[in-house]
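Line by line, the protein sequences are chains A and B. Read in order, the letters of the first sequence are residues 19 to 295 in the numbering used here. Read in order, the letters of the second sequence are residues 19 to 295 in the numbering used here.
In short, the hints are calculated from the structure, not lab data. All values reported here derive from a predicted model rather than from experimental measurement. A virtual CB, placed ideally from N, CA and C, is assigned to each residue, including glycine. Some hints here could point you the wrong way.
Unchecked claim - So the derived label-pair ranges between C-beta atoms look like this:
#1 Cys44(B) - Leu267(A): 55 to 63 Å
#2 Asp238(A) - His37(B): 27 to 35 Å
#3 Glu245(B) - Arg149(A): 33 to 41 Å
#4 Arg254(B) - Asp58(A): 53 to 61 Å
#5 Asp238(B) - Arg149(A): 41 to 49 Å
#6 Glu245(B) - Arg180(A): 48 to 56 Å
#7 Ala111(A) - Ala111(B): 54 to 62 Å
Number of protein chains: 2
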Amino acid sequence: MEQLSANRAFGGIQTVHRHKSAACGCPMTFAVYLPPQVADGPCPVLWYLSGLTCTHANVMEKGEYRRAAAEHGIIVVCPDTSPRGAAIPDDAAYDLGQGAGFYVDATQAPWAGHFNMYSYVVDELPALICRHFPADMDRQAIFGHSMGGHGALTVALRNPDRFRSVSAFAPITNPIAVPWGRKALTAYLGPDEAAQRRHDATALIEDGARVREILVDQGDADPFLTEQLDPTAFVRACQNGGIALTLNLRPGYDHSYYFISTFMADHIAWHAERLRG
Amino acid sequence: MEQLSANRAFGGIQTVHRHKSAACGCPMTFAVYLPPQVADGPCPVLWYLSGLTCTHANVMEKGEYRRAAAEHGIIVVCPDTSPRGAAIPDDAAYDLGQGAGFYVDATQAPWAGHFNMYSYVVDELPALICRHFPADMDRQAIFGHSMGGHGALTVALRNPDRFRSVSAFAPITNPIAVPWGRKALTAYLGPDEAAQRRHDATALIEDGARVREILVDQGDADPFLTEQLDPTAFVRACQNGGIALTLNLRPGYDHSYYFISTFMADHIAWHAERLRG
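Sequences are here, hints too, so could you generate the full structure?
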């Protein structure tokens with residue numbers, strides 16, 4: 019593992035690292051914020067999964083998470099959204115291929131063998147974080163935005179003993195029912211409905227997966243709300259499944275980092291409560 | 019004036035605008051954050067001047083000023099750092115020409131006629147802000163970073179009745195004595211020492227300019243500290259001039275937006291106190 023940068027911020031250190039990923043078969047870059055409290059021992063880990071077109075850098079630069087992470091003593095890890103590079107398959111569209119991994123393990127050509135972002139964020143990167151950072155892996159939480167909100171919800175629902183809490187900003191909650199998700203899940207997983215449902219938060223809950231509670235913030239001026247992000251089915255699934263969903267519909271907010279950064283501190287405080295002790 | 023974007027953030031709105039600048043002889047872009055309090059009437063204005071290579075966008079995306087601006091009810095205006103465009107003179111170096119206006123009115127070829135950033139930020143843009151935004155122009159403050167810290171200090175020292183307060187992150191405090199400043203001020207103003215001293219915060223104070231107090235934050239791991247930012251002469255000038263300087267030397271911090279964003283809320287709170295009433 020190679021350290022690409024380190025900058026002191028809010029009393030802690032924002033670092034960026036690159037390593038050879040076995041899951042993705044290429045070098046992968048990720049960001050880690052270490053709060054000042056790591057001087058006193060291991061800190062809990064909050065995973066942030068990013069949305070379409072993003073790398074680790076977007077939320078690191080625009081997400082405004084460091085103040086709250088430093089206040090609450092939480093390590094924030096921000097992975098990339100897909101394998102990358104000239105040798106990696108890609109698609110001209112922004113919503114498939116590089117920058118659009120959708121947090122699945124692809125089974126279909128040309129994606130299989132590299133597009134294993136599920137294994138990467140669930141297995142390979144946590145093992146690396148555990149080995150190299152002062153992380154208390156018994157206290158983990160996860161959140162994300164849009165495609166990364168989809169990732170956070172599905173990863174948490176499939177690993178309920180791993181994460182104490184899960185939240186999302188404007189998540190894709192029902193990918194099998196919307197254009198972004200149908201396109202990507204079919205490309206990566208083929209038409210197999212059962213395989214696709216294992217990567218759909220709404221379907222996972224319908225099929226019996228459970229977490230205790232979920233926090234979601236969604237802007238009502240989000241241009242993707244109607245076509246890609248409609249939370250109706252997800253809300254119903256949570257109700258039927260007995261999951262305590264807090265859905266904050268935010269008047270006037272869009273899909274951008276201006277929206278994310280506004281509610282970032284609320285989400286981190288919410289996770290911090292659940293990561294205590 | 020054309021509005022390029024508007025995004026709700028922290029209860030207010032972050033906007034970006036373009037207008038034809040008479041001072042610069044080209045279209046100029048600037049950012050304005052309107053806090054939620056503008057709903058109740060005009061709010062004070064805090065000017066942020068950026069550093070070398072920056073546009074209005076860098077601090078808008080990475081500066082993390084909106085939370086504090088919304089809390090204190092302050093409008094934040096972020097101008098560009100120079101005229102720009104194919105028809106505008108430029109230099110291959112990052113520290114001269116486009117992105118490096120140094121907040122002076124150039125008198126030398128090829129810069130004269132376009133590189134009038136002093137007039138732009140002191141006269142033209144304030145008039146535009148006053149005309150188009152709910153700004154209380156009787157309550158203004160100014161701050162900036164690096165070259166923009168130089169801009170904030172010199173503009174405030176030359177207009178002490180305009181600004182209630184001035185602060186800076188890692189400012190160039192004595193440009194006539196350091197490579198960045200000597201190069202730029204000589205290119206823009208020629209070898210005329212008197213003209214250059216009117217754009218040097220330390221020299222202005224030595225020559226009698228006064229403000230009541232100044233707040234400066236400076237990282238001690240800033241790679242430019244020794245060669246470009248050494249505050250020694252500025253500290254001495256403030257002492258001799260009876261200016262209450264607070265210089266916070268911050269261990270481990272560098273010259274980046276990670277440094278700026280860490281202390282942004284402190285600076286805005288400091289200005290807010292002085293902008294009250």
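Do the hints match the structure? See the list:
1. Separated by about 42 Å at the C-beta atoms, cysteine 44(B) and leucine 267(A) break the suggested range of 55 to 63 Å.
2. Take aspartate 238(A) and histidine 37(B): their Cβ atoms lie about 31 Å apart, and the range 27 to 35 Å holds.
3. Between glutamate 245(B) and arginine 149(A) the CB atoms are about 39 Å apart, so this pair conforms to the stated range of 33 to 41 Å.
4. Between arginine 254(B) and aspartate 58(A), the C-beta spacing of about 40 Å breaks the proposed range 53 to 61 Å.
5. In this structure the supplied range 41 to 49 Å is violated for aspartate 238(B) paired with arginine 149(A), their Cβ-Cβ distance being about 32 Å.
6. One distance hint, 48 to 56 Å for the beta-carbon pair glutamate 245(B) and arginine 180(A), holds here, with the actual separation near 49 Å.
7. The given range of 54 to 62 Å is broken by alanine 111(A) and alanine 111(B), whose C-beta atoms sit roughly 39 Å from each other.
Going through the hint list in order, the structure does not satisfy hints 1, 4, 5 and 7.
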